[in-house]
Amino acid sequence: MARLGDVVLKVRSKNAGPFWVTIDVFCGSPEVYARVVPALATGEVAALYRVEPQHLKRFDIADLSVIKFSLPRPVVQGSRDDRDMHGAQWAVLLEEADVRV
Amino acid sequence: MPTRVLVPSGVLGLGFDRQALKRGVANRPDIICIDGGSTDSGPFSLGAGVSKYSRAATRSEWRDLMRARAEAGVPLVIGTAGTCGTDATVDWMHDITVELAAELGQTLKIARLYSSQPAERIITALEAGRIRPLEPAPAISPEVLSGLANIVALAGAEQIQAALATGADIVIAGRTTDTATIAALPLLRGDHAGGAWHGAKIAECGALCSTHPTSGVIQVDFDADGFTVEPLAETAACTPHSVSAHMLYENSDPYQLYEPGGYLDVRGARYTALDERRVRVEGSRWVKGAYTVKLEGARVAGYQTTILAILRNERYVKGARAWIERLSAFLEGEIRSRMGLEPGEAYTLEFRLIGVDAALGELERRQGDPVEVGVLGIVTATSQMQAAEIGKLINPFVLHYPLTDHEELPTFAFPYSPAQSDRGALYEFALNHVMDLDDPMSAFRLVVTEVAHGPAR
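Chains W and G supply the protein sequences, listed in that same order.
Just so we're aligned, residue 129 is where the first sequence starts under this note's numbering, counting upward by one.
Just so we're aligned, residue 488 is where the second sequence starts under this note's numbering, counting upward by one.
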């Protein structure tokens, strides 16, 4: 087991418009990408963000050694219950997650 | 016909490398395009119809761009003027432009493209079945639409082309898609459509697609087969990786990008390094579809007052959660008995623990051992007066409320006086919908004016 953030180059998150948030996992090399893709279970990522797995979009982008997740924001950007206007700190949850690589 | 587009920065107001801009002008661009906005900072700008960026920063950068335009002798276009692209911020940008034209001694034709939508137009379209929700969309009705503070439609390339067709030196556009201003001229001149939209997407954040994101200035050459992108700061370079990775940025789908009239598909795009700084891209596809424009709207969702206290006493830091739970229940009773208000409809009061889980809330998985905890109280009520009144009512208790009965009254740290701050209206985004248009200009308005301060155009 390892902390994902210690294995990959960078994990970042950002709004994709006011209704979606997107999380990019930059693996940094094809070798790391090949190890991380099978280790990151979509269902576990969905559970981390408490979203139904069918609402989590996943893109495995081999050319960039990037795994990208997008999910509808649980609260609309800027509404009363929003805690992170830019969705920028959501990445931390994935960065700190343990993965079997 | 090949088209050279100079993009000074990802957004006006954020700064750019002045030497790089000079180099860009010397390279003889066909047009200078910059984005003025975003929804990224939240719904306030759209709701209130004001710019996020300071007038001073906007003015000083626009001054440099107006001089660059005069030197290059080409149109200068800004999209989503004043952060949100409402009619009010288009006029704000126009005022700055007129002021600078006098200062710089320029004679100009200025086209304003207005994107604000009267609620009646959207209601009529809704009733005609010409509004469709995008996932996830909030529920709308004629009542909801009439209550919105501002509605804008996102213009595409066609409306920018109409503005350019007036022969304007400067186009100040209301809400546009991020890419529309950059894609408009290459499309008009018959360059590769997939390349035009893809190159526009890559360049819309300025040098973010390069190795030196803050340098700003980017040049894109469009032609019959694709585009070539080059950063103009000497310290920056574009690589196939930095360019292709930009398709991920703020996009929920890295392969498809919906625009008025179709979508861009970059699955087949090939990125080739021409040298150490330039990247060539071919193979992206434009897929034609129905002509729809996206709508954005914001409404007032209450008025807020906040209060911030800091707990530093070890016992209170450890018991912060229990403290706010006890305090919240007590305050609910106080507000009920003194003001006759029930939580929910009339007001909400929420305390967030800064230093514990303020950023992630329920999703937080880590427990730290903070030395101090900030307690941010957020009151949302139906009027500012009511929110302020609740803020004042709770103030003495947030200052002194004990963790248990029968203990000496504690006193916490307040970082400022008065302890509570009125935040004004809370706006929220209320639309994630598209509207069908038969004629792209039917929901947009063009106004062309001239200012004459220097030699004739």
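It is possible that part of the hints are untrue.
What the hints assert, rightly or not - Simulated pairs of lysine to any residue, SDA-like, Cα-Cα distance not exceeding 25 Å: (1) Lys138/W - His728/G; (2) Lys775/G - Lys539/G; (3) Lys138/W - Asp551/G; (4) Lys185/W - Arg852/G; (5) Lys142/W - Asp527/G; (6) Lys142/W - Ser541/G; (7) Lys509/G - Asp710/G; (8) Lys879/G - Asp209/W; (9) Lys539/G - Lys138/W.
To be verified - Computed footprint of chain W on chain G, listed as stretches where at least three residues anywhere in the stretch have a Cβ under 8 Å from a Cβ of chain W: (10) 621 to 630; (11) 732 to 738; (12) 880 to 887.
Derived from the structure by calculation, the hints contain no laboratory data.
Predicted model, so just to flag it, every value in this text is computed and none were measured.
C-beta atoms are modelled at their ideal positions from N, C-alpha and C, and glycine is treated no differently.
| said: Check whether the Cα positions of Lys539/G and Lys138/W lie no farther apart than 25 Å. | reply: Outside the cut-off at roughly 29 Å; violated.
| Going straight from one Cα to the other, do Lys509/G and Asp710/G come out at no more than 25 Å? | The given pair, whose Cα atoms are some 23 Å apart, holds under the 25 Å limit.
| Regarding the pair Lys185/W and Arg852/G, is the alpha-carbon distance no greater than 25 Å? | holds (23 Å)
| task | Could you grab the alpha-carbon distance between Lys879/G and Asp209/W and see if it respects the 25 Å cut-off? | result | Judged against 25 Å, a Cα distance of about 22 Å means the pair holds.
| message | What's the verdict on Lys775/G and Lys539/G, does the C-alpha distance respect the 25 Å limit or exceed it? | response | Given that 25 Å is the threshold and the Cα spacing comes to 34 Å, the pair is violated.
| said: For Lys138/W and Asp551/G, compute the direct alpha-carbon distance and say whether it is at most 25 Å. | reply: Cα-Cα ~36 Å, so violated.
| request: Can you take a look at whether the region 880 to 887 of chain G is actually covered by chain W? Rule is 3+ residues, C-beta closer than 8 Å. | output: violated (count 0)
| Within a Cα-Cα threshold of 25 Å, do Lys142/W and Ser541/G meet the stated pairing? | holds (24 Å)
| said: For a C-alpha distance cap of 25 Å, please report whether Lys138/W and His728/G respect it. | reply: holds (15 Å)
| query | When you check the alpha-carbon spacing of Lys142/W and Asp527/G, does it fall within 25 Å? | reply | holds (9 Å)
| message | When I compare C-beta atoms, does the region 732 to 738 of chain G have three or more residues closer than 8 Å to chain W? | response | Our answer is that it holds, as 5 residues pass the Cβ test (under 8 Å) against chain W, meeting three.
| message | Using a Cβ cutoff of 8 Å, are there at least 3 residues of the region 621 to 630 of chain G near chain W, or does the coverage claim fail? | response | holds (count 5)
When the structure is compared with the earlier hints, violations turn up for hints 2, 3, 9 and 12 and for no others.
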